Amino acid sequence: MGFTLVYLSAIVLIPFAGLVLRACELSWADFWRLATTDRALAAYRLTFGASLIAALANALFGTLVAWVLVRYSFPGRRIIDAMVDFPFALPTAVAGLTLSSLFAANGWLGQFLVPLGIKGAFTQLGVVIALTFVGLPFVVRTLQPVLHNLDREVEEAAATLGAGRLRTFVGVIAPTLLPAVLTGFALAFARAIGEYGSIVFISGNLPFKTEIAPYLIVMRLEEYDYTGAVALAVVLLVCSFLLLGAINLLEAWTSRFAR
Amino acid sequence: MAGTLRKNWRGHREASQRGTEEPPLIKWLLIGAALSFCVVFLLLPLANVFAQALAKGWAFYWKSLAHPDSRAAIRLTLTVAAISVPLNVVFGLAAAWAIAKFQFRGKSLLITLIDLPFSVSPVVAGLMFLVLFGLQGYLGEWLQDHNLRVIFALPGIVLATVFITFPFVARELIPVMEATGTEQEQAALTLGASGWQTFWHVTLPSVKWGLLYGIILCNARAMGEFGAVSVVSGHITGQTDTMPLRVEKLYNEYNAAGAFAVASLLALLALFTLAIKTFLEWRQSREFARARTAGRV
Numbered sequence: 001m002g003f004t005l006v007y008l009s010a011i012v013l014i015p016f017a018g019l020v021l022r023a024c025e026l027s028w029a030d031f032w033r034l035a036t037t038d039r040a041l042a043a044y045r046l047t048f049g050a051s052l053i054a055a056l057a058n059a060l061f062g063t064l065v066a067w068v069l070v071r072y073s074f075p076g077r078r079i080i081d082a083m084v085d086f087p088f089a090l091p092t093a094v095a096g097l098t099l100s101s102l103f104a105a106n107g108w109l110g111q112f113l114v115p116l117g118i119k120g121a122f123t124q125l126g127v128v129i130a131l132t133f134v135g136l137p138f139v140v141r142t143l144q145p146v147l148h149n150l151d152r153e154v155e156e157a158a159a160t161l162g163a164g165r166l167r168t169f170v171g172v173i174a175p176t177l178l179p180a181v182l183t184g185f186a187l188a189f190a191r192a193i194g195e196y197g198s199i200v201f202i203s204g205n206l207p208f209k210t211e212i213a214p215y216l217i218v219m220r221l222e223e224y225d226y227t228g229a230v231a232l233a234v235v236l237l238v239c240s241f242l243l244l245g246a247i248n249l250l251e252a253w254t255s256r257f258a259r
Numbered sequence: 001m002a003g004t005l006r007k008n009w010r011g012h013r014e015a016s017q018r019g020t021e022e023p024p025l026i027k028w029l030l031i032g033a034a035l036s037f038c039v040v041f042l043l044l045p046l047a048n049v050f051a052q053a054l055a056k057g058w059a060f061y062w063k064s065l066a067h068p069d070s071r072a073a074i075r076l077t078l079t080v081a082a083i084s085v086p087l088n089v090v091f092g093l094a095a096a097w098a099i100a101k102f103q104f105r106g107k108s109l110l111i112t113l114i115d116l117p118f119s120v121s122p123v124v125a126g127l128m129f130l131v132l133f134g135l136q137g138y139l140g141e142w143l144q145d146h147n148l149r150v151i152f153a154l155p156g157i158v159l160a161t162v163f164i165t166f167p168f169v170a171r172e173l174i175p176v177m178e179a180t181g182t183e184q185e186q187a188a189l190t191l192g193a194s195g196w197q198t199f200w201h202v203t204l205p206s207v208k209w210g211l212l213y214g215i216i217l218c219n220a221r222a223m224g225e226f227g228a229v230s231v232v233s234g235h236i237t238g239q240t241d242t243m244p245l246r247v248e249k250l251y252n253e254y255n256a257a258g259a260f261a262v263a264s265l266l267a268l269l270a271l272f273t274l275a276i277k278t279f280l281e282w283r284q285s286r287e288f289a290r291a292r293t294a295g296r297v
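In order, the protein sequences belong to chains A and B. So the first sequence is residues 1 to 259, counted in our numbering. So the second sequence is residues 1 to 297, counted in our numbering.
Derived from the structure by calculation, the hints contain no laboratory data. One or more hints might be untrue.
[Unchecked claim] Quick list of simulated restraints, FRET-style, between CB atoms:
| # | chain 1 | residue 1 | chain 2 | residue 2 | range |
| --- | --- | --- | --- | --- | --- |
| 1 | B | 40 | A | 37 | 49 to 57 Å |
| 2 | A | 78 | B | 291 | 21 to 29 Å |
| 3 | A | 75 | B | 108 | 39 to 47 Å |
| 4 | A | 21 | B | 39 | 28 to 36 Å |
| 5 | A | 14 | B | 212 | 48 to 56 Å |
[As the list claims (entries may be wrong)] Derived BS3-like pairs: lysine-lysine, alpha-carbon spacing no greater than 27 Å straight-line:
| # | chain 1 | residue 1 | chain 2 | residue 2 |
| --- | --- | --- | --- | --- |
| 6 | A | 119 | B | 56 |
| 7 | B | 56 | B | 249 |
| 8 | B | 107 | B | 208 |
| 9 | A | 119 | B | 249 |
| 10 | B | 101 | B | 208 |
| 11 | B | 208 | B | 277 |
| 12 | B | 63 | B | 249 |
| 13 | A | 119 | A | 209 |
| 14 | B | 63 | A | 209 |
Model, not experiment: these values are computed from the prediction. By construction, the Cβ of each residue, glycine as well, lies at the ideal position given by its N, Cα and C atoms.
Taking the hints into account, I'd like the entire structure generated from these sequences.
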């Protein structure tokens, strides 16, 4: 018990306090000026916009994948099921590297997509692609247990009462799945906001265009502008804490549904 | 065997519950859409790593890996993992033990704190250590006076890695320990076993699969961490470059095949992690099934 607390303070609390203390040394006006430069605003817009799109894509495709994995049996189902965790296991740098080479003009997918005007590497679309990749497991993994426990008798009842399959899905199944999908969505969104490793490779990191907020922090550090970096970091931290709170509420909601 | 059982069970269901199945056309369309999404986002990126790594042939592949700087990066990554994973295993055991077996105030706060590194951006995590130990940091001058290097050296990389991989073991163990309850330990203590004996012979065996699972995940993340390590490492070639940082450096030097060669080792690590994880899950479900049938008989 004592050991737990000492270790926890040494590794988590003290560094955390250090950052907060540093931020407190700033006056409010200075903080505001550093945290809301034009370049920073453009970076937040990209970070949050791309994370939102990626999390939405994950909510949609994650639900589809979870549904197919739980409900149907088809060749390769077990392999796909195991592979869903691949983005968790793969170092993000490798993910960014391979995705950017897939979508580059001479890559496996890029050679077909780039002539169509779909440029996946070194664009904002690339940021969305990388974020979709890293967030992929969240929705699938939160939804799978809920789908497994879904009572089939309710669906039968709906079918007996004359509801079509689509109507059953929209009216009966979807509302039960909603809390889990939202939790997965929020988890993917939270992960996407802090993501750095995979984006560095695929975005090209052009200021005002394809530069994300964590990358801007690294840039500030390379200019030895610690205060600027700390101000940006505080903004990101506050956002992740708000999201963490939202996720906890959503999880409480999901477990109430599960019961 | 489990597979055939499952299939029969499914077949039975399909025959008896037509009303809750989608028409075959829609079903196969859904499967097709899900599969193509998985192929584009999971299988192609993986296959691409190995294809690109071998694009210039095996000879070049081996040469890239045998390069002294790459070898140094591999060594550093292994060293960092060898230090940070055991630290977090010990902590994870202690924390999970405290949380699962005792009641105390502030427990939920403790759980939130353990989860904290999950929700902090890796770059911000690295920055925290820079603020503490960097030259402009709070302890920077003191460290310099005593000729100690934390930032841009091994200790900083280990600290950042420990921070990032901190929750993995504890997170896996807490539910397992909560599920096993405290009766067995109490029995052991009543029979005269000491606290340590109880821990080694009762608690540890009951959580061994969960523990192994946590270690595997923790190790994968420790070896693959990029953002936090990148901030504190200083990118000194041959000295403070870990494998992911080496990948970035080679890529920036327009040596794509070399970057992919090092990346392929990390991808192999990821595959290995997935294989162990799948095995452990299969094993757990088998033990669970056995326990259930035993209970029924």
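Practice task
List, from low to high, the hint numbers that the structure doesn't satisfy.
Solution key: 1, 4, 5 and 14
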